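There are 2 protein chains.
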Amino acid sequence: MVSGPVADRVTRIAAEMGYARSSLAYGLRTGRTHTIGVVIPDLTNPLFPPIIRQIEKTLADRGYIAILADSDNNQKNETAIVQSLMSRNVDGLILATAHRLDAVVSTIVEDHVPLVLVNRTIDTHSVTAVINDDEHGIELAVSHLVGLGHKSIAYLGGPQDTSTGHDRFLAFKKLMREGSFKSHNDLILNCKAFTEAEGHRGFVSILEKRRKFTAVIAANDLLALGCYDAMAERGLSCPADISVTGFNDMPFMNRLSPPLTSLRIPHDEIGKQAAALLLERINDVDSKVRTVNLLPELIIRASTAPPKSRK
Amino acid sequence: MVSGPVADRVTRIAAEMGYARSSLAYGLRTGRTHTIGVVIPDLTNPLFPPIIRQIEKTLADRGYIAILADSDNNQKNETAIVQSLMSRNVDGLILATAHRLDAVVSTIVEDHVPLVLVNRTIDTHSVTAVINDDEHGIELAVSHLVGLGHKSIAYLGGPQDTSTGHDRFLAFKKLMREGSFKSHNDLILNCKAFTEAEGHRGFVSILEKRRKFTAVIAANDLLALGCYDAMAERGLSCPADISVTGFNDMPFMNRLSPPLTSLRIPHDEIGKQAAALLLERINDVDSKVRTVNLLPELIIRASTAPPKSRK
Numbered sequence: 001m002v003s004g005p006v007a008d009r010v011t012r013i014a015a016e017m018g019y020a021r022s023s024l025a026y027g028l029r030t031g032r033t034h035t036i037g038v039v040i041p042d043l044t045n046p047l048f049p050p051i052i053r054q055i056e057k058t059l060a061d062r063g064y065i066a067i068l069a070d071s072d073n074n075q076k077n078e079t080a081i082v083q084s085l086m087s088r089n090v091d092g093l094i095l096a097t098a099h100r101l102d103a104v105v106s107t108i109v110e111d112h113v114p115l116v117l118v119n120r121t122i123d124t125h126s127v128t129a130v131i132n133d134d135e136h137g138i139e140l141a142v143s144h145l146v147g148l149g150h151k152s153i154a155y156l157g158g159p160q161d162t163s164t165g166h167d168r169f170l171a172f173k174k175l176m177r178e179g180s181f182k183s184h185n186d187l188i189l190n191c192k193a194f195t196e197a198e199g200h201r202g203f204v205s206i207l208e209k210r211r212k213f214t215a216v217i218a219a220n221d222l223l224a225l226g227c228y229d230a231m232a233e234r235g236l237s238c239p240a241d242i243s244v245t246g247f248n249d250m251p252f253m254n255r256l257s258p259p260l261t262s263l264r265i266p267h268d269e270i271g272k273q274a275a276a277l278l279l280e281r282i283n284d285v286d287s288k289v290r291t292v293n294l295l296p297e298l299i300i301r302a303s304t305a306p307p308k309s310r311k
Numbered sequence: 001m002v003s004g005p006v007a008d009r010v011t012r013i014a015a016e017m018g019y020a021r022s023s024l025a026y027g028l029r030t031g032r033t034h035t036i037g038v039v040i041p042d043l044t045n046p047l048f049p050p051i052i053r054q055i056e057k058t059l060a061d062r063g064y065i066a067i068l069a070d071s072d073n074n075q076k077n078e079t080a081i082v083q084s085l086m087s088r089n090v091d092g093l094i095l096a097t098a099h100r101l102d103a104v105v106s107t108i109v110e111d112h113v114p115l116v117l118v119n120r121t122i123d124t125h126s127v128t129a130v131i132n133d134d135e136h137g138i139e140l141a142v143s144h145l146v147g148l149g150h151k152s153i154a155y156l157g158g159p160q161d162t163s164t165g166h167d168r169f170l171a172f173k174k175l176m177r178e179g180s181f182k183s184h185n186d187l188i189l190n191c192k193a194f195t196e197a198e199g200h201r202g203f204v205s206i207l208e209k210r211r212k213f214t215a216v217i218a219a220n221d222l223l224a225l226g227c228y229d230a231m232a233e234r235g236l237s238c239p240a241d242i243s244v245t246g247f248n249d250m251p252f253m254n255r256l257s258p259p260l261t262s263l264r265i266p267h268d269e270i271g272k273q274a275a276a277l278l279l280e281r282i283n284d285v286d287s288k289v290r291t292v293n294l295l296p297e298l299i300i301r302a303s304t305a306p307p308k309s310r311k
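Chains as they are written, first to last, in our numbering: chain X, 1 to 311; chain P, 1 to 311.
In case anyone wonders, no lab produced these hints; they're calculated from the structure.
All clues stand as given, with none of them false.
Just so you know, same-sequence chains aren't split out, so a pair can sit in one copy or run between any two.
With a straight-line Cα cutoff of 30 Å, these simulated BS3-like cross-link-like pairs (lysine-lysine) come out:
id	residue 1	residue 2
1	K272	K57
2	K76	K272
3	K308	K174
4	K57	K192
5	K151	K209
6	K209	K173
7	K57	K288
8	K308	K173
9	K151	K182
10	K192	K209
11	K192	K174
12	K173	K151
13	K192	K182
14	K212	K182
Every value quoted in this text rests on a predicted model; they were computed, and no experiment measured them.
With the hints as extra help, turn the sequences into a complete structure.
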């Protein structure tokens, strides 16, 4: 440490050099910027705004501000964004972009920057994460469809390098093996991204196999919208020809034609807990790493009905 | 300015005090933080994510990062957010929250912080803004409804302290006076906020007047969704009983039941131009103040049809 007079001299010279009293300067002095970086994979996915809103509110209550960045489902962007945020000395990061093996996450951890993952986690579970119980969600969707009388069910999954994509897929395969319904390799496809365009492409490819099925479980709502599009193009009706379920119950899913049966995740709770756990970690670097697993709830709407043969 | 050896001494002492080379320090030295504050009134309004995404992309291409904040349609929050952003020495601000008379905007201008308004502007037009041609939009909606044969048209407006709320309302009244259709004070109501809840409340109040009309122009899509809700509660059908038009054509409006006829605004263009104009202003404080007026386009969908009497 420097002595009082020297510190005074530094302050005076700094002032002469044009330094102003500011949050930036305060941040440099205290080592805190009261700024949190939040990185999401797709801002136009309506899943994220309610989560971000709660993150911002929880942070604001404690005098923190969020820098939000959108990686556009691109890992290169993600790396550049995280570097840029870290060079701005953010006090912590919340990432909704995690991959199961994630070099960016490793870098952040090595640099001792407090970090919380949201929605997705990494395979090692070595970073605090607020996620949904993906297996339970898929169980709810399957048992709803089986209960309606569906015997042959297709599955349109997400990218396998994400925990959400992977865990939902594993849950579907496990239930299939347990034998309450049938599926087939022709009826199971994992998309490259959780987007409407990928969902459309994937479901067209399943439909073109011309194998019989009466319901499809989509691993998220955007993929389910892609199923709607593929069916509309082919003159297929939902749910008369094929029942469809989504995952996330993002805003507006109740207003679709037909309204989508989906798994509601607690958006507000996810945002609140992610922000609170990050602040805990900022104030105590030794706080326990944990995975908060929130339970989704099945919201049954008009996109699911008994198969034709049963009506 | 200080001499070389003194500057060296400051650098050394700063290092001893734990200062690290960082964007913050760079920002203090150059007076630039390459950080832009973006304030929006409601992140969960799907109008904003596509605009923000383009703002972020345009800024990122030039090495700038956006700090996003959501004022939740609350002017007190807005003031606190802008103060917080300014204390972080942002290089400029983009506000989607402007009111026609706006003390926050005045403060920013007085502090010479580069500023661009987006979606809404102020009455004096003394700040660069990227907005939509609201009058032209309402003209398109009215002439579509009149063309379908509607004679009596209701209007559900937005808050009158915003340029969007005010200009759309003035446009409707002007067209009404020109006499191509009829309306009535009972059929015209301006809501306190551009939200679904306010739209619902407002349209219930219009319906309760029990005056005849066959179509309603809502000043934005969220208000139109409120109309849908109010009609569903009363067993009224859209468009059979009442045709509905929105404004913004935000994502998912094509998927509603019924799909909403709305005014498409060029989301990407708005975001790009706002970011580009702000960067121009940051690099040249004397750059010309201008209002960019982008033209909306009417997207006709199933929420509008000829009135019953004409069918």
